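Asks: Protein chains in written order, with UniProt numbering: chain A, 1 to 515; chain B, 1 to 515.
These aren't lab readings, by the way, just hints derived from the structure by calculation.
Some clues are possibly wrong.
Pairs involving identical chains hold if they fit within one copy or between any two copies, as the list cannot separate such chains.
[What the hints assert, rightly or not] The calculated lysine-lysine pairs, modelled on DSSO-like cross-linking and capped at a C-alpha distance of 30 Å, are:
#1 K179 to K103
#2 K389 to K211
#3 K414 to K224
#4 K103 to K252
#5 K511 to K154
#6 K224 to K511
#7 K319 to K448
#8 K499 to K363
#9 K389 to K103
#10 K211 to K367
#11 K211 to K411
#12 K179 to K224
#13 K389 to K224
#14 K103 to K347
#15 K103 to K319
#16 K103 to K211
#17 K389 to K367
#18 K252 to K444
#19 K211 to K113
As the structure is a prediction and not an experimental result, all values here were calculated from the model.
Below, each chain spelled out in residue letters.
There are 2 protein chains.
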Amino acid sequence: MGKERSEKERGGGEQNKRNLFVSSVVMNSCAAELKLLLTALLVVCSIATLFQILPSRFTISASDLRFCISRISTSNTSIASLNSTPTSTPTMPPSPSPPSIRKDQVADNGVIKRVFNPYGSAAYNFITMGAYRGGPNTFAIIGLASKPLHVYSKPTYQCEWVPQSSSASNSTFSTVAYKMLPDWGYGHVYTVVVVNCTFSEAVNSENSGGKLFLEASTSGGGDKDFNITDRFEVLNESPGDINTTLFSSKPKYDYLYCGSSLYGGLSPQRVREWIAYHVRLFGERSHFVIHDAGGVHEEVLEVLKPWMELGYVTLQDIKEQERFDGYYHNQFMVVNDCLHRYKFMTKWMFFFDVDEYIHVPQKNTIKSVLDSLSDYTQFTIEQMPMNNKLCLSADYGRYYRKWGFEKLVYKDVKRGIRRDRKYAIQPRNVFATGVHMSQNVAGKTTHKTEGMIRYFHYHGTIAQRREPCRNLLNVTEINFENNPYVLDTTMRDLAWSVKKFENQMIGPKLKNTRQ
Amino acid sequence: MGKERSEKERGGGEQNKRNLFVSSVVMNSCAAELKLLLTALLVVCSIATLFQILPSRFTISASDLRFCISRISTSNTSIASLNSTPTSTPTMPPSPSPPSIRKDQVADNGVIKRVFNPYGSAAYNFITMGAYRGGPNTFAIIGLASKPLHVYSKPTYQCEWVPQSSSASNSTFSTVAYKMLPDWGYGHVYTVVVVNCTFSEAVNSENSGGKLFLEASTSGGGDKDFNITDRFEVLNESPGDINTTLFSSKPKYDYLYCGSSLYGGLSPQRVREWIAYHVRLFGERSHFVIHDAGGVHEEVLEVLKPWMELGYVTLQDIKEQERFDGYYHNQFMVVNDCLHRYKFMTKWMFFFDVDEYIHVPQKNTIKSVLDSLSDYTQFTIEQMPMNNKLCLSADYGRYYRKWGFEKLVYKDVKRGIRRDRKYAIQPRNVFATGVHMSQNVAGKTTHKTEGMIRYFHYHGTIAQRREPCRNLLNVTEINFENNPYVLDTTMRDLAWSVKKFENQMIGPKLKNTRQ
């Protein structure tokens with residue numbers, strides 16, 4: 001019934017050529033293939049029924065079926081004729097005859113055996129962001145998984161390597177994977193999972209290519225009757241792809257910045273200042289990976305472009321992750337993807353935000369400090385919180401031309417407050433990472449970095465498009481809004497040389513950047 | 001690859017006739033239908049692709065596809081040959097060629113456009129337990145839905161009535177449904193939903209039959225790109241099925257008990273005592289609906305059987321709900337199903353547990369009390385907490401033959417403690433219900449029932465198979481484990497007449513029941 005009705009309605013509503021085209025294609029293809037189609041789908045279900053008597057170890061992949069669904073894309077092309085028929089929502093694509101609903105049954109002893117009929121799907125089992133080789137026999141897969149699955153059940157993961165050629169020395173082999181949940185307690189519909197697959201022997205050692213598959217099992221999480229396993233390709237190595245010297249050779253960069261998800265109406269001027277400052281700080285052997293979750297709008301892209309062209313910045317467009325409701329634009333997934341993607345590209349990897357400025361006190365350089373910390377896999381960095389509206393009377397009349405870290409010079413010195421720390425790691429020894437530190441590291445972590453390295457934090461300045469200076473002061477100490485502040489011109493004193501550095505590197509092209 | 005391998009392995013492992021039969025059927029049907037099948041599934045996906053250019057209002061039902069999956073049942077028939085091939089888990093049923101994984105792309109400006117590939121399903125969208133007519137134009141559908149869907153998104157429900165005959169006066173019509181979440185904050189993977197569908201006019205008023213469909217939309221909960229709507233039949237009325245006088249006539253029963261989910265190793269003797277006591281209390285125009293979530297084992301069934309045969313007890317086997325991880329054996333779903341299923345069968349409906357005994361103080365009867373409360377849609381009932389191990393010295397040597405409410409005579413009289421209340425309702429004015437009271441009622445609720453009706457609570461006695469008496473006392477007051485108790489023989493004094501009543505009703509057949 002539903003089928004014929006909706007075809008008729010579609011035919012009756014032809015109002016433009018595109019609609020006509022769609023309708024006739026659909027009708028022709030439906031008319032021609034319908035019989036074939038229903039027959040074949042009946043066969044599928046019959047075969048499925050046959051497999052009822054196969055053993056329970058036998059698992060079924062829902063992902064292939066779902067793929068048909070996921071190809072129904074987000075296209076918003078509107079066809080008016082369909083919208084005019086609200087009482088009969090067509091269910092497409094043409095499906096097999098509707099499922100015969102299981103009914104309650106009354107047993108001989110009068111007991112009513114109730115049945116529960118499940119429909120549809122409310123969450124994916126797994127969503128991949130990236131999969132990376134971590135050595136001759138190990139891989140990391142970064143993605144999202146259904147959160148209640150991990151809270152109330154114990155989903156398991158297994159990896160399988162399938163060689164491209166089928167020569168005898170290259171057999172398929174599997175390993176049970178180790179899962180890490182770096183945002184534990186934070187996810188929404190989805191939570192972040194880092195799957196570590198370490199095989200007992202080298203994989204693709206002949207460099208003849210192959211594929212890594214992840215098998216993600218629900219362990220009965222959504223339905224205790226089924227341990228549904230979805231198996232899907234996560235990595236494809238072509239012959240000659242891998243370069244094992246990578247894992248032991250000196251990395252391309254000394255310092256790589258992994259940014260968290262950027263979103264909202266970011267200030268182009270603040271981003272301009274931040275990148276110029278940090279390229280100068282970290283120097284030639286540094287790189288910055290920026291993740292655009294919607295925050296890199298046209299004007300922000302303008303200030304990044306010159307540095308992208310010089311090779312200092314890589315911009316990752318991660319807007320698609322917004323489809324999946326995790327914590328804070330899935331920032332925990334993003335930093336873990338960055339960790340594994342660039343693991344062998346850098347000696348040190350930094351995790352902090354674009355309203356934060358790393359600073360090494362004088363007499364030291366970033367190199368001398370990090371060399372002294374090279375025994376540690378991880379160190380954390382103390383925060384210098386800066387007020388985001390107190391400026392200097394000396395800047396009166398021209399503060400709007402000053403840079404943010406130049407004019408915001410009052411440091412919060414309230415004691416006894418636990419302040420967030422940021423951190424850096426030597427990524428080759430890290431398996432998963434967080435936002436404020438990593439809990440999955442091999443090797444030592446130190447927090448004793450006071451006096452060696454710290455960061456100035458200009459909270460609330462990056463997502464604001466108007467002038468931050470609100471109060472102009474000419475004092476060295478002040479109690480403002482019940483908080484003690486002192487004048488600290490450390491960053492202000494660097495502004496001139498950062499501006500000069502920017503001009504040397506990319507010229508004056510950003511001079512008209514707006515707040 | 002996967003396909004041919006697994007067939008070969010299956011063929012090679014033929015060890016018994018059943019196995020052989022399965023293998024050959026699978027192989028023949030696969031060989032014959034494979035080409036047809038793959039072709040047809042390609043057509044499905046092609047049609048799906050075509051619908052990319054249809055408007056976004058256009059929704060897709062995943063439930064039909066999932067049906068193929070859910071028919072892969074829990075059968076544990078074991079076929080050894082398959083278990084011996086751990087490295088190649090077959091993914092069945094034969095699926096269309098594997099999805100071409102979408103790959104990251106590098107844009108002209110150097111930006112890396114990351115893609116996120118989702119797989120599988122971790123939870124159903126909706127699971128039905130029951131759907132009931134609530135009047136000429138209204139229905140209630142009771143089920144479970146994915147909890148994060150309701151916490152982080154706003155799934156919507158719509159109902160559609162499709163008449164059986166297609167005469168002009170009987171057209172299909174729809175209504176937006178009102179959803180109630182009676183266990184809000186308690187669910188796990190799933191949360192309980194009561195969907196109220198009230199149409200603007202009478203439905204099936206000619207009594208010519210039809211079907212009620214529920215359309216459950218995810219509103220982008222698991223994937224913001226898709227508002228997936230699952231549409232499924234929830235109620236089927238055959239011609240002549242409905243009796244509209246039911247809604248206004250005097251109900252069959254005065255008192256109906258809706259029990260919560262029973263599970264665990266319940267004491268048959270305690271259940272025997274409970275049912276005899278309450279049949280006597282509520283009398284001939286009463287009925288008891290017991291929900292077996294696994295607690296009604298063989299011995300418990302024995303003590304219920306005589307009362308089932310007399311028509312006092314209906315046993316609902318709800319063990320299947322254990323498949324779906326909600327709160328406490330999905331008790332909130334169960335009581336709501338009971339409410340709507342028996343809504344027109346009874347004047348009053350009671351919700352309490354099988355370790356609780358309703359009591360009406362002397363000079364009143366259950367009828368006189370409830371008549372005096374008939375202006376209220378709902379009233380709650382005060383608890384008398386009874387100690388579950390203090391007994392009387394007088395029972396020394398024969399306490400094991402006494403009934404539970406006969407020998408447990410010490411009442412907890414600690415003041416200032418908020419104790420759970422239980423409740424009763426006039427169900428025709430109630431739309432959804434909880435465990436301790438209902439929050440979706442029309443009409444008044446009263447809690448001022450002290451002295452009129454109360455319940456004795458023998459906590460911790462029902463799921464214990466050994467003798468409860470642990471301490472024998474001959475005092476009228478005692479402080480035990482830092483709690484004050486007083487002797488209260490109200491229930492003890494009724495034991496003799498309850499035993500006599502049981503014997504009159506069903507004879508001595510339960511006299512050998514064990515604790």
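Asks: None of the hints should be skipped; say for each whether it holds.
Replies: For each hint, the structure was consulted:
In this assembly of identical chains, the alpha carbons of K179 and K103 lie at most 30 Å apart only when taken from different copies (24 Å versus 40 Å within one copy). Taking the closest pair of Cα atoms, K389 and K211 never come within 30 Å of each other, the shortest separation being 54 Å inside a single copy and 65 Å across copies. For the identical chains of this complex, K414 and K224 are neighbours neither inside a copy (53 Å) nor across copies (43 Å), given an alpha-carbon limit of 30 Å. With identical chains, the CA atoms of K103 and K252 are at most 30 Å apart between copies only, with a shortest distance of 25 Å across copies and 65 Å within one.
Taking CA atoms no more than 30 Å apart as the test, K511 paired with K154 passes in neither setting, with 55 Å inside one copy and 46 Å between copies. Neither within a single protomer nor between protomers do K224 and K511 lie at most 30 Å apart by alpha-carbon distance, with minima of 62 Å and 39 Å respectively. Taking the shortest Cα distances, K319 and K448 never come within 30 Å of each other, neither inside one copy (37 Å) nor across copies (57 Å). Taking the shortest alpha-carbon separations for K499 and K363, only the intra-copy value of 22 Å comes in at or below 30 Å, while the best inter-copy value is 94 Å.
Proximity of K389 to K103 under the C-alpha cut-off of 30 Å is found in neither arrangement, the shortest distances being 67 Å within a copy and 45 Å between copies. Taking the shortest alpha-carbon separations for K211 and K367, neither the intra-copy value of 40 Å nor the inter-copy value of 74 Å comes in at or below 30 Å. Taking identical chains as interchangeable, the C-alpha atoms of K211 and K411 are never at most 30 Å apart, the minima being 53 Å within one chain and 70 Å between chains. For the identical chains of this complex, K179 and K224 are neighbours both inside a copy (21 Å) and across copies (26 Å), given an alpha-carbon limit of 30 Å.
Neither within a single protomer nor between protomers do K389 and K224 lie at most 30 Å apart by alpha-carbon distance, with minima of 56 Å and 37 Å respectively. When the C-alpha separation of K103 and K347 is checked against a cutoff of 30 Å, the pair qualifies only between copies, where the shortest distance is 28 Å, while the shortest distance within a copy is 63 Å. For the homomeric pair K103 and K319, the shortest alpha-carbon distance between copies (15 Å) is at most 30 Å, but the shortest distance inside one copy (45 Å) is not. Taking CA atoms no more than 30 Å apart as the test, K103 paired with K211 passes between copies only; the shortest distance there is 14 Å, against 45 Å inside one copy.
Taking the closest pair of Cα atoms, K389 and K367 never come within 30 Å of each other, the shortest separation being 33 Å inside a single copy and 73 Å across copies. Within a single copy, K252 and K444 get their C-alpha atoms as close as 24 Å, which meets the 30 Å cut-off; across copies the closest is 75 Å, which misses it. Proximity of K211 and K113 under a CA criterion of 30 Å is satisfied inter-copy only: 22 Å between copies versus 47 Å inside one chain copy.
In this structure, the hints that do not hold are numbers 2, 3, 5, 6, 7, 9, 10, 11, 13, 17, in rising order.
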